[in-house]
Amino acid sequence: MSAEQVAAAANPRADDVRTLTHQVWTTYLGERVPLLFVEDNTFVPDWSASVTIRGAWDGMVSLETTRAGAQGLTRALLGLDADADDLADSDLVDAVGELVNMLGGNVKGLVPGPSRLSLPLVAAGRFAHGSQQARVVRLCSSWAGEPLDVTVHAGRAKATREHR
Amino acid sequence: MHALIIDDSRAMRMILRRILDELGIGATEAAHGAEALGLLSAGLHPDLCLVDWNMPVMDGCTFVSEVRKVREWRDITLMMVTTESEHSQIVRALAAGAHEYVIKPFTADAIQDKLELLGLVEAGVLS
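Residue numbers (our numbering), protein chains in the order written: chain C, 1 to 164; chain F, 1001 to 1127.
A portion of the hints provided could be inaccurate.
Far from chain F, by Cβ distances over 12 angstroms, these chain C residues were calculated [as the list claims (entries may be wrong)]:
hint	residue
1	D83
2	N106
3	Q133
Simulated restraints on C-beta separations [claimed, not checked]:
hint	chain 1	residue 1	chain 2	residue 2	range
4	C	R13	F	L1117	30 to 38 angstroms
5	C	A9	F	S1041	47 to 55 angstroms
6	F	I1090	C	S118	25 to 33 angstroms
7	F	D1021	C	D81	31 to 39 angstroms
8	C	S131	F	V1070	24 to 32 angstroms
9	C	L80	F	R1068	49 to 57 angstroms
10	F	G1043	C	Q132	45 to 53 angstroms
11	C	A128	F	E1122	44 to 52 angstroms
12	F	E1122	C	D83	19 to 27 angstroms
To be clear, the hints were calculated from the coordinates, so they are not data collected in a lab. From the three backbone atoms N, C-alpha and C, an ideal C-beta is built for every residue, glycine too.
Looking at chain C on its own, in the form it has when it is part of the complex:
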């Protein structure tokens, strides 16, 4: 196996990221509204959240969705009625941040350690990744009719292939 292949093998596989994403969703958001994985999503995200992993493997895990998607996720996570209309932006930041924290923590368990997980960073709009990073996994999905993308970026030296 070449050094490049060894480095690529360190990156998480799309199937594993899909499995852990499904696990987080069903555990905390229930199975009544399923997370549907789709071939592609074309949307401009209103909310994005990310965590970085630094150590034996360097990378970033992000979650992007629409405002309606973030509101739906927040209501479901907080156990609020679907028509509850009293969500503050701080509620969305908290809920979306916790979801990406769980995704990132579990991705960290898939890659070589030891490494450190950052606190989640939540922002309006699309998330920004470092120029030295490349996308290695992109999962497009739909939840409650809203698009939702989970992406894993890795340091360029370690990102030699993309899984979909």
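Starting from the structure of chain C, add chain F where the hints point.
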């Protein structure tokens, strides 16, 4: 029985509080380790602390170490509830003085199983 839930996510604190409610356990909440230490110093003496690892101000492992330094708090059961799943992290938390370790995402049954192991709840409370 009373628990102290320490997590920077309000959503996660609500999820844990709901589970503890079903187990008949009352709970107080703190958003980070320093706030939790403040509550203990002010006289709160929970039977159980559920502790996240990654938090601002003071992380969960530091909180566990600080609690273990105080003789009066040695009877408090400390359970890490965190996304940190690396073996070295688990060893570090247990070495610092945590009794148990639960990895997110967790189910209510997983929390109950751990509390049963610790002798804090009886089997079959959740059904």
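Go through the numbered hints given earlier and state which of them the structure violates, listing their numbers in rising order.
2, 6, 7, 8, 9 and 12
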